[in-house]
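K.L.:
With these hints in hand, go ahead and build the complete structure from the sequences.
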Amino acid sequence: MENLIGLLVAAPLLGAAVLLCGGRALDRVGHWLGTALAGVSFLIGAVLFADMLGEETSDRALHSHLFSWIPVGGFRADVGFQLDQLSMTFVLLITGVGTLIHIYSIGYMEHDERRRRFFGYLNLFLAAMLLLVLADNYLLLYVGWEGVGLASYLLIGFWQHKPSAATAAKKAFIVNRVGDVGLSIAIMLMFTTFGTFAFAPVLSEADRAGEGKLTAIGLMLLLAACGKSAQVPLQSWLGDAMEGPTPVSALIHAATMVTAGVYLITRSGAIFNAAPDAQTAVVTVGAVTLLFGAIVGCAKDDIKKALAGSTMSQIGYMILAAGLGPIGYVFAIMHLVTHGFFKAGLFLGAGSVMHAMNDEVDMRKYGGLRRYMPITFATFGLGYLAIIGFPGLSGFWSKDKIIEAAFAKGGTEGWILGAATLLGAAITAYYMTRVMLLTFFGEKRWQPAPDPHKTAGIEPGAEAHPGELPHPHESPKSMTIPMIVLAFGSVFAGGLFSLNDAFVNWLEPVTGHDHGDSPLSAATVTAGTMVVLVVGVALAWAQYGRRPVPVTAPRGSALTRAARRDLLQDDFNHVVLVKPGEYLTRGLDRVDHTLVDGAVNGAAASVGGLSGRLRKLQNGYARTYAVSMFGGAAVLIAATLLMRAV
Amino acid sequence: MNPVNYLYLASLLFTIGAAGVLLRRNAIVVFMCVELMLNACNLAFVAFSRLHGNLDGQIVAFFTMVVAAAEVVVGLAIIVTVFRSRHSASVDDASLMKL
Amino acid sequence: MSFPLLTATAAVPAIGAVATAAVPAAQRAAAKWTALLFSLATLVLSAVALVRFDPDGGQYQLTESHDWIKDFGVRYELGVDGIGVVLVALTALLIPFIVLAGWHDPDRLETPSGGDSAAGRRWRPTQGFFALILMVEAMVVMSFQATDVFLFYIFFEAMLIPMYFLIGGFGDGAGGRAEGAAANARSYAAVKFLLYNLVGGLIMLAAVVGLFVVTNEDLGSGTFSLQQIAEARSAGTLSIATTTERLLFLGFFFAFAVKAPLWPLHTWLPGAMGESTAPVAVLITAVVDKVGTFAMLRFCLQLFPEASKWATPVILVLAVISILYGALVAVAQKDIKRLIAYASISHFGFIILGIFAMTSQGQGGATLYMVNHGISTAALMLVAGFLISRRGSRLIADFGGVQKVAPVLAGTFLVGGLATLSLPGLAPFISEFLVLVGTFSRYPALGVVATVGIVLAALYVLVLYQRTMTGPVKAEVRGMPDLRVRELAVVTPLIALLIFLGIYPKPVADIVNPAVDHTLSVVDKKDPAPDHPATDAGWFRYSPKGDHAPGGDK
Amino acid sequence: MSAMLAASTTSTGEAVQFWVLGTVAVIGALSTVLMRKAVHSALSLAGTMIVLAVFYLANGAYFLGIVQIVVYTGAIMMLFLFVVMLVGVTAADSLHETLKGQRWLAVLCGLGFGILLCAGIANASLKTWNGTGTANAGGNVEGLAELIFTKYVFAFEITGALLITAAVGAMVLTHRERVEGRKSQREQSQDRARRGIPGQPAPSGSGWPLVTPAPAPGVYARHNAVDIPGLLPDGSTAEVSVNATLRERGQIRDVSGRALAALAELERRAGDWRQQRGGTGATVVRTDPSGSTRYRPEGGATVYTPEDEAGRQSADRPADDGANDGHAPEGAAK
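Protein chains in written order, with full-length UniProt numbering: chain A, 1 to 646; chain B, 1 to 99; chain C, 1 to 554; chain D, 1 to 334.
Among these hints, one or two may not hold up.
Sample of chain D residues with no beta-carbon within 12 Å of chain A, all distances over it, derived [stated by the list, open to error]:
hint, residue
1, THR12
2, LEU86
3, GLU97
4, THR98
5, ALA119
6, ASN123
7, LEU126
Taking lysine to any residue pairs in the SDA-like style, the calculated list, with each CA pair at most 20 Å apart, reads [said to hold, decoys possible]:
hint, chain 1, residue 1, chain 2, residue 2
8, D, LYS151, B, VAL60
9, C, LYS334, A, ASP597
10, C, LYS474, C, ARG391
11, A, LYS213, C, ILE203
12, A, LYS213, C, PRO528
13, A, LYS579, C, GLN466
14, C, LYS404, A, ARG114
15, C, LYS70, C, ASP218
16, A, LYS616, D, LYS151
17, D, LYS100, A, ARG114
18, A, LYS162, C, PRO472
19, A, LYS477, A, TRP32
20, C, LYS334, A, LEU617
21, C, LYS70, C, SER221
Quick caveat, the hints were computed from the structure, so don't treat them as lab data. Positions of the beta carbon are idealized from the N, C-alpha and C atoms, including for glycine.
P.N.:
Right, dumping it as structure tokens:
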């Protein structure tokens with residue numbers, strides 16, 4: 001069984017290698033190959049899962065040590081995989097959703113001549129992500145961590161001839177790098193503290209280290225998580241990342257990669273449990289982000305950006321839950337999985353809509369689509385119900401539990417967090433309803449297709465004839481089927497997990513679990529959630545359902561305008577980081593030319609000048625030389641006399 | 001009077017000669033000053049021979065004279081040649097040692 | 001007396017240089033092939049040396065020792081430790097690629113009528129170019145192998161002569177200037193290179209003489225031999241006064257700091273790399289500069305351990321400055337080659353940081369870094385060279401959307417760039433992380449500051465890639481051909497090597513480690529022990545050695 | 001005398017002599033340096049040398065004293081004077097210093113040097129002077145000779161060699177080698193021709209390029225004075241024929257006009273004489289125009305009137321004119 005774990009990673013990696021190195025000969029079969037290999041790894045995952053279910057709860061974890069990676073001095077890094085319940089959950093999510101999105105992409109990218117490379121990148125991503133969740137030590141995890149960063153870089157910038165895409169990709173990678181600094185420093189700290197950075201020893205003996213160290217490690221890990229999971233303050237890249245093809249947004253920037261931060265924190269639970277301050281930081285970040293994302297989501301008219309905002313806020317939920325400690329880990333992961341389903345579904349739906357609307361992304365130019373694309377409407381609708389936490393659907397179970405846990409944290413902290421989560425729920429309901437209404441209900445607000453130069457225009461299948469109204473049509477099967485499957489997931493997953501706490505029991509051996517003492521009963525929380533839910537939906541209906549929606553966005557309140565600009569995050573970065581950075585680099589460049597180099601050249605010049613001056617002494621007049629001779633003689637006599645005297 | 005005064009006189013003459021070498025531009029005069037210095041030395045030698053009570057000092061002075069004679073011959077010849085070619089006996093005109 | 005392998009390794013390229021230079025002007029192709037063959041022969045020899053080197057054996061192996069100048073105790077002593085043998089292998093590995101990449105570089109200097117014309121016959125650029133490259137290789141190899149300080153010094157300095165001509169004589173006409181101006185800039189860069197290194201070398205010469213005097217006083221007969229000095233030191237017969245040792249150390253270190261540009265002695269590098277052709281630039285940064293860092297390890301630390309420890313704080317700070325400064329200035333560059341040059345400055349900062357962190361991770365990482373940086377910079381710079389030769393310009397602004405027309409070129413360029421920003425999975429990541437860990441475990445603050453460098457690295461690499469490769473296709477770029485077979489033959493092996501060493505660096509690490517441990521024992525430094533060493537208990541058999549674990553590499 | 005020399009202090013006589021002559025010597029030395037004319041420097045140097053000779057004698061170096069006078073003052077200084085004459089006795093070089101700071105430096109060095117020297121002598125303890133009495137016991141010259149031919153014989157020989165070398169060297173230096181052979185007459189004339197080519201710079205004073213040998217002064221065998229320019233066929237004067245110096249001084253006597261005037265006078269008288277004889281004027285008429293065309297009184301006038309200067313000259317000095325003309329009887333007749 002252990003060796004299968006290696007295969008799990010190897011299959012997509014092989015796919016990536018073949019697809020990227022293989023020539024145009026593979027263009028015909030490339031996408032099939034990629035999808036097949038994704039499926040293979042999903043099957044392997046399933047087999048391992050079955051096998052794991054067969055095992056006893058105590059020894060479900062598998063470990064496979066491949067080879068010694070970096071043996072230098074006391075520094076031993078090995079390539080080894082560890083498959084426990086936590087990793088298993090992720091493996092299934094990644095490979096499952098991944099495979100579905102591969103299938104979806106077959107249709108979606110049909111008209112792109114670089115489809116082969118696209119699938120290569122997707123496979124690369126799967127491999128890296130699996131490496132991330134399967135690694136048995138932090139350094140190997142780091143490899144996967146950066147690997148997914150690379151894959152996301154390549155996929156966001158897949159349409160590289162769009163400058164916006166290229167810039168977004170670069171931004172994503174660099175912001176992630178900032179997070180990676182945190183991860184690498186955390187690893188160094190572990191090395192200096194424990195002499196190793198393998199999960200087993202570090203986590204099993206975490207509490208032996210001082211709290212200070214652990215807090216430092218925890219904060220560094222949090223920084224890493226912020227980068228990868230687009231949490232405040234490193235959230236700015238996610239919105240731009242929507243420049244990538246929609247399947248990418250669905251897989252990487254909704255379902256899997258962005259949740260890596262949650263995985264990291266949950267995995268390092270032992271450290272955080274022993275470092276309360278770090279946990280406080282985590283929950284703060286989570287709470288802030290979940291509100292931040294939600295507010296941004298409300299203002300966006302670009303459907304993908306709106307969904308991105310929602311992703312941000314949902315991950316905020318997860319981070320918050322993970323920050324709560326053993327109360328929350330399980331629910332964090334649970335929400336992660338359900339979110340993986342419905343958010344992926346929503347993105348795929350969005351993609352399908354854009355596909356139909358000549359790649360129009362502005363929701364204000366949609367409207368009344370439910371009649372034209374029923375399947376998309378249905379799946380999207382289910383996803384919508386799931387995310388706003390409609391009773392019985394996945395989101396309901398997972399999010400509700402998180403809210404409970406937040407209250408259960410206890411004390412004022414608990415109240416604040418609980419309030420935040422509830423508020424978040426309300427806003428979620430609001431903006432998702434808004435998306436729903438703008439897209440599928442109301443009258444048509446379609447605009448003639450703009451000429452491809454202005455908008456994306458490169459999305460395949462967009463036979464955009466300028467000046468012609470779009471004629472929406474349902475997407476091909478290859479695209480609808482994955483949406484349907486995901487819809488099923490988003491409907492039933494939550495309930496399935498919550499059947500006599502199946503999920504809790506499943507993860508408990510890894511993450512541990514305890515029920516905090518919640519000041520409110522579960523029923524109260526649920527009721528409260530329902531209330532805010534209704535309020536949110538009603539507000540949205542009042543604003544977008546009853547009266548017609550203007551095609552051009554109204555100016556809106558200051559908050560709205562700020563939210564449209566992602567609450568000025570980019571402006572902030574621009575003022576605080578980018579501009580000074582530019583000045584700094586330019587200045588240093590000038591310094592290098594003038595000061596550093598100038599010093600050297602100056603020295604050379606001064607030597608030259610000095611010699612030129614000395615040269616003047618050699619004026620060629622015999623008498624001048626005679627004087628110096630005579631003076632020298634005098635000096636000699638003086639010297640001898642002095643010697644005699646002394 | 002202590003004969004050491006001869007030595008003082010010699011050094012005085014020597015200094016004057018040296019100053020002349022440094023001050024005058026006319027090669028001939030410069031040359032005379034050199035002779036003056038040589039003579040000062042001779043005086044010193046003689047005085048020393050008197051001091052030591054042997055003749056070696058005088059011998060040295062004698063040789064100095066001989067050498068001086070030879071030097072004068074050659075030196076004056078040089079001066080004449082230079083004068084022929086440059087129509088001037090000024091030492092400063094021969095400032096060809098400059099690079 | 002066994003076969004003098006090391007001498008042969010150095011002699012073959014030297015002979016090759018002569019042979020190449022001797023090829024008649026008309027047969028340019030013949031000259032190129034001669035150079036290539038000789039470089040390959042060197043590669044084979046170095047591979048043999050690598051195989052015959054026994055990591056667990058003595059410090060210096062494959063040694064050769066003969067008297068040379070008896071009166072001054074100068075000996076012809078060769079020998080390689082783990083570090084040396086690896087670097088020799090690296091050099092021998094890179095040169096064939098450099099030759100292959102520079103296949104057509106000297107052609108633009110050939111008179112149009114080929115070697116037939118008088119001018120062509122007189123100075124035969126092709127023959128000269130490749131002969132000089134081989135000459136440099138020979139000298140570099142010698143300086144990696146010499147265990148006699150004086151012998152080392154000779155080749156360390158002599159290296160400058162061929163390099164001077166390579167920089168000053170051969171440029172890519174891509175400066176966006178008239179040929180006259182370009183020639184001026186070239187000669188300026190070459191002279192600057194020469195003067196900088198010469199000054200360093202002369203100061204070192206003084207230190208070398210000083211070393212002779214010191215040994216002469218203590219041992220009766222002066223010597224330059226590393227072994228003898230080490231033995232004498234261990235026997236206690238040789239004891240250098242603290243001030244003397246420090247002065248000597250500074251003399252040596254200055255030369256090496258100039259060679260491996262350490263801020264603020266770096267300003268010759270961008271000019272030299274920018275003006276010379278890409279292969280020569282690789283030669284400078286990937287081969288020649290390594291001698292500097294290598295010499296820090298071999299001479300500075302082993303001859304003057306105390307002084308090294310004394311100077312460590314300053315050097316570490318300078319190294320960190322180099323890291324950040326080089327990266328920041330690289331971001332502002334408009335010229336591809338200068339950008340890569342500043343990136344190299346940043347990387348050399350890492351290497352020096354690792355060397356003087358005085359931990360096994362740091363020094364092992366630094367050594368690996370030398371190898372990996374050589375390969376990665378070669379990959380990046382050579383691809384950049386192909387790019388530049390296609391467009392005829394070095395300016396980033398003149399490119400755009402290349403990946404659309406030349407995807408393979410763009411891809412290889414990206415891989416090279418990712419290696420430069422030390423992406424995990426590629427070789428440089430390992431060395432960089434080792435250096436950082438090694439530094440952090442002894443100087444946490446410096447380690448953290450240096451870690452910021454990885455963000456900046458991402459910045460300049462990705463900015464470069466974005467501006468050149470992505471975006472709308474520029475008109476001048478439109479007709480750009482993709483990589484040719486020869487160029488692929490250059491790039492592919494390098495990239496393969498990058499990936500392999502990134503995934504499985506153990507072979508190199510195993511060769512390097514003993515040497516590093518020996519160096520550390522000389523400066524008697526121990527790795528700082530972890531605060532709470534974790535006993536590797538766990539529910540799975542986790543063995544740090546890894547060699548005997550199930551499914552391990554056996 | 002020897003006893004006196006043996007003493008560590010000198011006799012008052014010598015002291016007086018020292019102070020007097022010492023002053024003279026110093027003054028001589030100073031004037032050697034300061035005199036503007038080389039001759040004066042040489043003379044004052046000679047004076048100093050004589051004084052020194054006296055001091056030699058006073059110090060018991062009789063031979064040296066004589067040699068000093070004979071060789072130095074007699075030979076070397078004379079040689080100096082010769083050279084001075086050769087170079088130009090009148091050349092007095094200005095004492096204005098051309099090199100910046102040279103004078104001050106020189107004075108400074110001189111003073112410092114002198115002071116130091118004196119200080120050196122001062123703190124050398126030179127108390128006991130065991131004079132040259134014993135050394136000169138066998139006679140000064142004998143003593144020197146003995147030393148020279150025994151102890152210093154090699155040095156002596158070498159100085160001999162040196163002197164010979166010096167003599168040869170002096171000859172080599174001053175001897176001037178003729179680099180080209182003497183010019184033959186043919187070559188000279190060719191040179192002249194070459195110089196005379198129109199366009200070439202003309203010889204000074206002559207109005208035109210001169211190819212032929214310069215014409216001789218004193219024309220028509222009536223004048224032979226060097227200051228009288230020869231006449232050219234067209235009657236104009238050839239100033240080249242006059243010595244350049246005279247030309248410079250403007251002492252040229254132009255008598256070209258007077259001959260014509262005399263001729264015209266002669267013909268007038270001849271005409272009168274015919275009219276008195278009443279002879280046929282036909283021939284006269286026949287000859288007259290030719291004569292008139294040839295020698296027209298106006299032509300004479302043309303000579304006279306513009307050059308009234310020359311005319312006045314001739315008017316002023318009829319006597320010596322006649323004397324020069326060599327027509328003494330005619331002049332006497334007038």
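K.L.:
Run every hint past the structure and note whether it holds.
P.N.:
Each hint tested on the structure:
1. Taking the minimum C-beta to C-beta distance to chain A, about 33 Å, the non-interface status of THR12 of chain D holds against the 12 Å cut.
2. Interface exclusion of LEU86 of chain D from chain A stands, the closest Cβ pair being 22 Å apart, more than 12 Å.
3. For GLU97 of chain D, the shortest C-beta to C-beta distance to chain A comes to about 10 Å, within the 12 Å cut-off, and the non-interface label is violated.
4. At roughly 9 Å from the closest C-beta of chain A, the C-beta of THR98 of chain D falls inside 12 Å, breaking its exclusion from the interface.
5. Not every CB of chain A is more than 12 Å from the CB of ALA119 of chain D (nearest about 6 Å), against its label as outside the interface.
6. Look at ASN123 of chain D: its CB is around 7 Å from the nearest CB on chain A, not clear of 12 Å, so calling it non-interface is violated.
7. Every Cβ of chain A is farther than 12 Å from the Cβ of LEU126 of chain D; the closest lies at roughly 15 Å, confirming the non-interface assignment.
8. Note on LYS151 of chain D and VAL60 of chain B: the hinted pairing holds, with a Cα-Cα distance of about 12 Å set against a maximum of 20 Å.
9. A distance of roughly 18 Å separates the Cα atoms of LYS334 of chain C and ASP597 of chain A; the hinted pair therefore holds under the 20 Å criterion.
10. Restraint check for LYS474 of chain C and ARG391 of chain C: the C-alpha separation of about 11 Å stays at or below 20 Å, so the hint holds.
11. Distance hint between LYS213 of chain A and ILE203 of chain C is unfulfilled; the C-alpha atoms sit about 46 Å from each other, more than 20 Å.
12. Under the criterion of a C-alpha separation no larger than 20 Å, the hint pairing LYS213 of chain A with PRO528 of chain C is consistent with the structure, at around 16 Å.
13. About 19 Å separates the Cα atoms of LYS579 of chain A and GLN466 of chain C, which keeps this hinted pair within 20 Å; it holds.
14. A hinted pair counts as satisfied when its Cα atoms are at most 20 Å apart, and LYS404 of chain C with ARG114 of chain A qualifies at roughly 10 Å.
15. With a C-alpha separation of about 18 Å, the suggested pairing of LYS70 of chain C with ASP218 of chain C holds against the 20 Å cut-off.
16. Distance check on the hinted pair: LYS616 of chain A and LYS151 of chain D sit about 49 Å apart at the alpha-carbon level, beyond 20 Å; violated.
17. Proximity of LYS100 of chain D to ARG114 of chain A is assessed by CA-CA distance (about 85 Å); at most 20 Å being required, the pair is judged violated.
18. Simply put, LYS162 of chain A and PRO472 of chain C have alpha-carbon atoms about 7 Å apart, close enough for the 20 Å limit, and the pair holds.
19. A distance of roughly 15 Å separates the Cα atoms of LYS477 of chain A and TRP32 of chain A; the hinted pair therefore holds under the 20 Å criterion.
20. For the proposed pair LYS334 of chain C and LEU617 of chain A, the alpha carbon gap of about 47 Å is over 20 Å, so the pair is violated.
21. The suggested pairing of LYS70 of chain C with SER221 of chain C holds, with an alpha-carbon distance near 10 Å, which does not exceed 20 Å.
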